[in-house]
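Enquirer: From first to last, the protein sequence lines are chains U and P. Take 1315 as the starting number for the first sequence in my numbering and just add one per residue. Take 112 as the starting number for the second sequence in my numbering and just add one per residue.
Keep in mind that the hints were calculated from the coordinates and are not lab data. Glycine included, each C-beta is placed from N, C-alpha and C at the ideal position. Treat each hint with caution, since some may be false.
Stated by the list, open to error - Not close to chain U: a few residues of chain P, all C-beta gaps over 10 Å, as computed:
no.: 1; residue: E120
no.: 2; residue: S141
no.: 3; residue: W173
no.: 4; residue: A219
no.: 5; residue: A243
no.: 6; residue: G315
no.: 7; residue: V316
no.: 8; residue: P317
no.: 9; residue: V327
no.: 10; residue: L331
no.: 11; residue: P334
no.: 12; residue: I400
no.: 13; residue: Q430
no.: 14; residue: A442
To be verified - List time: in silico DSBU-like cross-link candidates among lysine-lysine, alpha-carbon distance up to 30 Å:
no.: 15; chain 1: P; residue 1: K470; chain 2: P; residue 2: K397
no.: 16; chain 1: P; residue 1: K233; chain 2: P; residue 2: K470
no.: 17; chain 1: P; residue 1: K303; chain 2: P; residue 2: K397
no.: 18; chain 1: P; residue 1: K233; chain 2: P; residue 2: K117
no.: 19; chain 1: U; residue 1: K1648; chain 2: P; residue 2: K233
no.: 20; chain 1: U; residue 1: K1336; chain 2: P; residue 2: K233
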Amino acid sequence: MSTRPQARPAGPRPPFWRDRAKRALIFQLLLVAAVAAFLIFIIGNTQANLAQRGITTGFGFLNNTAGFGIVQSLIDYSSQSTYGRTFLVGLLNTLLVSALGVLAATIIGFTVGIARLSPNWLIARLASGYIEIFRNIPLLLQIFFWYFAVLRALPSPRDSMSLGEAVFLNVRGLFLPEPLFESGFGLIPLALAVAVVASIALIVWNKRRHEATGRRLPAGWISLALIVGLPLAVLVVTGVPVTWDVPELRGFNFRGGITVIPEFLALWLALSIYTASFIAEIVRSGIQAIPHGQTEAAQALSLPQGLVLRLVVVPQALRVIIPPLTSQYLNLIKNSSLATAIGYPDLVSVFAGTTLNQTGQAIEVIAMTMAVYLTISLLVSMFMNWFNARVALVER
Amino acid sequence: MTHNDKMIEARPAPIRTVGPLAWLRANLFSGPVNTVFTLVGLYLLYVLLTPTIQWAFINADWIGTSRDDCSREGACWVFVNARLTQFIYGLYPRDELWRVNLVFASFAVLIAWLAIPRLPFKRWVAIATLLAFPVFAYVMLYGGHFGLPLVETHRWGGLMLTLILAVVGMVAALPIGILLALGRRSQMPIVKSFCVVFIEFWRGVPLITILFMASVMLPLFLPTGVSVDRLVRALIGITLFQSAYMAEVIRGGLQAIPRGQEEAAAALGMSYWMRMGLIVLPQALKMMIPGIVNTFISLFKDTTLVMIIGLFDLLGIVQAALSDSRWLGFALEGYVFAAFMFWIFCFSMSRYSQYLERKLHTGHQR
């Protein structure tokens, strides 16, 4: 930007359209006027259209009875519930598939991304084949593939595939045994909580001691042993107060246990596999962005290979990886809205789909749906920015 | 004592360090862990590839007209063959297909001209592609002028519709994206905050809700009695969505141009639009091309979403063909064909973008 002259040379004042400040003001006023005119035009038209169609605006419809069932719900829901409850069910289903998708995509993505850099030629080629295939095929097509071509082609409940007569997979979905907790089970979460608190205390103490004396314990392993071992020990001592509700074939379908509907499976598989191919590329480029001199310097200090990765390469690579990883997580959450194409009851499917069609409250429904996604985007960005600030190197 | 002033011939390197065997040792069997990985990889390849090749090629049926020509042992490509015209042109009248072909062919020539670095007159070809070609394509495809019969948009479909959605969305989003990116870097507070809100809003919501909005709410926003074609509604949604992503790519390119460039232009007395149009944007656009190609690839894949609001793009028409009672049970063949088509387009574009990145990268190294 050019700086304005300190003193204006003598002479007639330039016309106002030559004055940068006035021009900027006029330009902005014009923009405000244009936006306002556009909004007035739209709002006027909308009111006229709504009046003509006899639609009353407002959020009162959220208290009306929905009158339709939802195939998967994390909270109590029946066709007698309200549209407000429908919204909640859809939101929870969206969050469920997003959270599990983020988890699976991260695991697959990091594995494939590291495999892509393997010195083993075959493994590196397999990983790059995975990336190139799944990155370049539309997600919706992959969802259809898993749903219609794979899960819909599974055998009927009578001939379902089974794993140890406890886990069953058939055209109706995946049937898992459900743990039933008996009295006395409450001790186990308590033991887990105690173990977690003790581990955190141990790690903090170990770090202080390390900085003060240079000696340290293998705190990571001790914490792991605590977190796994303590609940297990309590479990054994209390006499395993858990029974398993194993699904059983009764009539034409399985009863009991946990049912994972095929819509969920298809969406979850497609989202994880598709997003993982992008995450793998991010991980690869993040690791490659670390100059080789860093690894060599760490090796020159005779750090073992594991510590070279843990203390030198990974912390620096994470700085490069986290910003694009965040946008991949956000993409996954937004892409979970494709559920509507196969009928998984997510927010867009049950709220922007069924509810909108039944009530006709297009503006309120779409606005609420968009607000949810905007809020999620904002929250995830804020969390990842905070996390990024924590792992960022403090430069002196 | 005799001296030998000739060098002794170098002995060949040991067989263990050169040749294919050494390559195998170094890359596949360099240690016990690596050997295990290689064997697992080979097993995976065997398990995945053998049935795939058997299904897709060896046991597949290629020639025929109806499902009776398929043995059902492998893939039934007869299904794809019989439907190929529909998959590519949708329900476009069979006698008018030459119009679509002409538009596709001229587009391919223009794009090839722009993509091959050696050809001259890049600027004029780019202007023709952005300004003249859309008019030509509209007249040819829609018709109603110059004695061409009118073809309504609900008969458009297949690969043709996919390409139209992606290209129109892209071409329309580019100028809006440039304006938004410039606005976001502007020093005028109202302009800047307007652009930030606009960009972040469209980037924060899924495309599917934007398409729902375009198809459900747009008719409410317009004066009573005015109706908009369904394809145009989808295009408006896609353009808004794409322009926000485009703005971020362009902003990245603008940030890569050193500030001295603009200051030097200002020192020569250039106005804002001259500085941007003649100095900053031409340099920035060159750096942005890989990013623009990448957003185009994701837009190309995202166009499949229009089938949810009832348009028949390539995936939509394949999905519709699967429910044809004469051809039930060929879902796998249909999806594999559609996936292959999308894959060819996206893969070649991403390779081109990588090539450009390498080329541009060396250009900026000192």
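Enquirer: Of all the hints given earlier, name the ones this structure violates by number, lowest first.
Expert: Violated hints (numbers, rising): 2, 6, 7, 8, 9, 10, 11, 13, 14, 18, 19 and 20; every other hint is consistent with the structure.
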